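There are 2 protein chains.
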Amino acid sequence: MDNFTFKNPTKILFGKGQIANIANEIPAEAKVLILYGGGSIKQNGVYDQVVAALKSRSFGEFEGIEPNPQYETLNRAVAMIRAEGYDYLLAVGGGSVLDGVKYIAAAAKYPGEGWDIVSDWTLAREALPIGTVLTLPGTGSEMNGAAVISRAETTEKLAFISAIVYPRFSVLDPETTFSLPPRQIGNGVVDAFVHVVEQYMTYPADSPLQDRFAESILLTLIEEGPKTLANPTHYATRANVVWCTTMALAGIIGVGVPQDWATHSIGHELTALYGIDHARTLAVVLPSLLRRQTEGKRAKLLQFAERVWGIASGSDEERIEAGIGKMEAFFGTMGLATALKSYEVGPEAADKVVSNMTRRGAIKLGERGDIDDQRVREILVGAV
Amino acid sequence: MDNFTFKNPTKILFGKGQIANIANEIPAEAKVLILYGGGSIKQNGVYDQVVAALKSRSFGEFEGIEPNPQYETLNRAVAMIRAEGYDYLLAVGGGSVLDGVKYIAAAAKYPGEGWDIVSDWTLAREALPIGTVLTLPGTGSEMNGAAVISRAETTEKLAFISAIVYPRFSVLDPETTFSLPPRQIGNGVVDAFVHVVEQYMTYPADSPLQDRFAESILLTLIEEGPKTLANPTHYATRANVVWCTTMALAGIIGVGVPQDWATHSIGHELTALYGIDHARTLAVVLPSLLRRQTEGKRAKLLQFAERVWGIASGSDEERIEAGIGKMEAFFGTMGLATALKSYEVGPEAADKVVSNMTRRGAIKLGERGDIDDQRVREILVGAV
Chain A
1 MDNFTFKNPT KILFGKGQIA NIANEIPAEA KVLILYGGGS IKQNGVYDQV
51 VAALKSRSFG EFEGIEPNPQ YETLNRAVAM IRAEGYDYLL AVGGGSVLDG
101 VKYIAAAAKY PGEGWDIVSD WTLAREALPI GTVLTLPGTG SEMNGAAVIS
151 RAETTEKLAF ISAIVYPRFS VLDPETTFSL PPRQIGNGVV DAFVHVVEQY
201 MTYPADSPLQ DRFAESILLT LIEEGPKTLA NPTHYATRAN VVWCTTMALA
251 GIIGVGVPQD WATHSIGHEL TALYGIDHAR TLAVVLPSLL RRQTEGKRAK
301 LLQFAERVWG IASGSDEERI EAGIGKMEAF FGTMGLATAL KSYEVGPEAA
351 DKVVSNMTRR GAIKLGERGD IDDQRVREIL VGAV
Chain B
385 MDNFTFKNPT KILFGKGQIA NIANEIPAEA KVLILYGGGS IKQNGVYDQV
435 VAALKSRSFG EFEGIEPNPQ YETLNRAVAM IRAEGYDYLL AVGGGSVLDG
485 VKYIAAAAKY PGEGWDIVSD WTLAREALPI GTVLTLPGTG SEMNGAAVIS
535 RAETTEKLAF ISAIVYPRFS VLDPETTFSL PPRQIGNGVV DAFVHVVEQY
585 MTYPADSPLQ DRFAESILLT LIEEGPKTLA NPTHYATRAN VVWCTTMALA
635 GIIGVGVPQD WATHSIGHEL TALYGIDHAR TLAVVLPSLL RRQTEGKRAK
685 LLQFAERVWG IASGSDEERI EAGIGKMEAF FGTMGLATAL KSYEVGPEAA
735 DKVVSNMTRR GAIKLGERGD IDDQRVREIL VGAV
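Heads up: the sequence lines are chains A and B, in that order. Taking the numbering used here, the leading residue of the first sequence gets 1, the next gets one more, and so forth. Taking the numbering used here, the leading residue of the second sequence gets 385, the next gets one more, and so forth.
Mixed in with the good hints, there may be bad ones.
[Unchecked claim] Okay, derived cross-link-like pairs now, BS3-like style, lysine-lysine, Cα gap no bigger than 25 Å in a straight line:
{"#": "1", "chain 1": "B", "residue 1": "K391", "chain 2": "A", "residue 2": "K11"}
{"#": "2", "chain 1": "B", "residue 1": "K415", "chain 2": "B", "residue 2": "K395"}
{"#": "3", "chain 1": "A", "residue 1": "K300", "chain 2": "B", "residue 2": "K611"}
{"#": "4", "chain 1": "A", "residue 1": "K352", "chain 2": "A", "residue 2": "K341"}
{"#": "5", "chain 1": "B", "residue 1": "K400", "chain 2": "B", "residue 2": "K439"}
{"#": "6", "chain 1": "A", "residue 1": "K7", "chain 2": "B", "residue 2": "K400"}
{"#": "7", "chain 1": "A", "residue 1": "K7", "chain 2": "B", "residue 2": "K395"}
{"#": "8", "chain 1": "A", "residue 1": "K16", "chain 2": "B", "residue 2": "K391"}
{"#": "9", "chain 1": "A", "residue 1": "K227", "chain 2": "B", "residue 2": "K684"}
{"#": "10", "chain 1": "A", "residue 1": "K7", "chain 2": "B", "residue 2": "K391"}
{"#": "11", "chain 1": "A", "residue 1": "K227", "chain 2": "A", "residue 2": "K16"}
{"#": "12", "chain 1": "B", "residue 1": "K395", "chain 2": "A", "residue 2": "K11"}
If you are wondering where the hints come from, they were derived from the structure by calculation, not from laboratory data. Just so it is clear, the structure is predicted and the values come from calculations on it, not from any experiment.
Bound-form chain A, shown alone:
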């Protein structure tokens, strides 16, 4: 196990009716800005619950944080905060809203050009306090300090990670997710699955507890994911899925171990270039990546095949391929296609992605930094 530091200060309020308790978490004198997306929270009752819970608190609203939250949109919220003097941000929505609000919270306290803090995270020194009400499970943004921000002008989609933007609290009421379409539930389950794999599928680091915690989440997603698609209003199943997606990216499974994240890096480019849903880019990239990184990941691929998929017979190569194949089939069960052509994208994507990535320097991805431009091309051509 490598040395590590770990701190996750977010308070989770989990379960039915928990939105009613947010007033206890927000200082009485705070001037709150509620930020949300396209207005679905006004149809499913969440908006009304939030407003009721805020009681006599002074609040404003910012509507319109889109999927893959855009730098330009978010800066409008920053300007509104500065003009109107809000001092507490309440993000109500899915990962895109939460991610966007993390950027907004830090940018509102940063005197220069906002993109600076995305390019160099250390420039963000303070942030407005954030609370969240999660309505779409998957990204894990409700219990970490990470965000992903898009910029249309430059077709960029970049991570912003800082300890100062952990939510002070996050409400996870599984009932608020009952009305989500199957596509979003499928995306959320696969997104969380891949978050786990990015922290797990590397080289063995003699960290058996982290391995087993990771496998615990994978096994539970495999078990509960299809059940919640089939029966979306069964509370316990949905609750288990929501909690898995949070635990997948709360830091606990990734302490002291190598991490990959190349699938996310490549996937972000596909979203930026073609607008494919984030989780769907991961479902496309991950199987192809694993098939091309077999040497460095051999021991873990065999462990994955055995412990997660129960595959114990066959040659090493057969078991590895069977494990990856089972994973692809699971993504399919959750409604996600794993071939790039299903999204009407062909092998030309390889050069475009590499070209985009290279603008930020030489490509060195993966836990060993051995995924270079050539390997990215192979992964994408292999994913067509």
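Since chain A is already given, all that's left is putting chain B on it; use the hints.
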């Protein structure tokens, strides 16, 4: 899954040489009181590392927090803090030192009689900040808000739990535990094992992720515990054991699920009455308790037998007994006897424990509150 709130704000600094980093965690102007036990930290180099790390900070020392930290001793530290004006407490030692310092931190800010806050936790409203350097894995005190305090005068040993006494940071350097005697490592592993079982072995609550996280810790302790006894200076193995003991009682595995804790309640009485090591009381009580609570715990006992011990054949009763037997054998492998008579205590303990417990009201222990005075007697007579 039941509704829950979860927050664990402790920052973990894990690994080799991490003591050197504590100065970054303690405010520069703090007047620090270092608190420790019997002085072993002066033999194993930990004291010197701590003093070197504090650099130019002003600090004092309080020595002599004993195993099962005593109310009377701890109040001497409270008096010293008030007299000399310390404003940051640095606990250096094992669970007893850390537990004692949690009480001290809260009592120093409480104007009345200190025992009040142990009897009624809600009376503790603020506490001095605490940092810890853990030198003995097992209790999990380094990453939670719980302490157990003893009072010789009344032969009591009671829990004190409050969100205000979570350590601000905890250093876990596995190398500082290399010099511990096997008895203390065995105790630590079994203590952590039972912490997990208290949160896991109840009735099924449709919480598969919590179940698997719990089983992950149990499996890793079973795998790594005997290895670290056999090879106490093998870093990776010891590091895995240390991290398991922390994760066992950091709250994560117990969210939203019923919990038992009767084994701990009964065990505390045995320590208060007979001075038996805490972990050894658990090794005695737990198997007997499980054999007498089979009805309510049937489904989980079968799951435990299968997933933790690989027992898949035989009748229900046979598999349950085989699982408990394997657990007893594991405790034995770690050097802990599971019969009360091994500690020179006979069946007379049953009445004494019940008498002590009854002073605080009718006995209603376990996840269903169905362990009464008669059942406690049966458990203890069965454990002889």
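Hints, one by one, checked against the model:
1. For a cut-off of 25 Å, the pair hint linking B/K391 to A/K11 stands: about 4 Å separates their Cα positions.
2. The hinted pair formed by B/K415 and B/K395 meets the criterion: a straight-line CA distance of about 21 Å does not exceed 25 Å.
3. At most 25 Å may separate the alpha-carbon atoms for a hinted pair to count; A/K300 and B/K611 meet this at roughly 22 Å.
4. The suggested pairing of A/K352 with A/K341 holds, with an alpha-carbon distance near 15 Å, which does not exceed 25 Å.
5. Distance restraint check for B/K400 and B/K439: the Cα-Cα separation of roughly 19 Å lies within the 25 Å cut-off, and the hinted pair is therefore satisfied.
6. Straight-line distance between C-alpha atoms of A/K7 and B/K400 comes to about 18 Å, which keeps the hinted pair within the 25 Å bound.
7. About 4 Å separates the Cα atoms of A/K7 and B/K395, which keeps this hinted pair within 25 Å; it holds.
8. Pair hint A/K16 plus B/K391 holds up; C-alpha atoms about 18 Å apart against a cutoff of 25 Å.
9. In summary, the hint linking A/K227 to B/K684 is supported, as the alpha carbons are separated by about 22 Å, within the 25 Å threshold.
10. Note on A/K7 and B/K391: the hinted pairing holds, with a Cα-Cα distance of about 11 Å set against a maximum of 25 Å.
11. For the hint linking A/K227 to A/K16, the alpha-carbon distance of about 20 Å falls within 25 Å, and the restraint holds.
12. Between B/K395 and A/K11, the direct Cα distance comes to roughly 14 Å. Compliance with the 25 Å bound is thereby established for this hinted pair.
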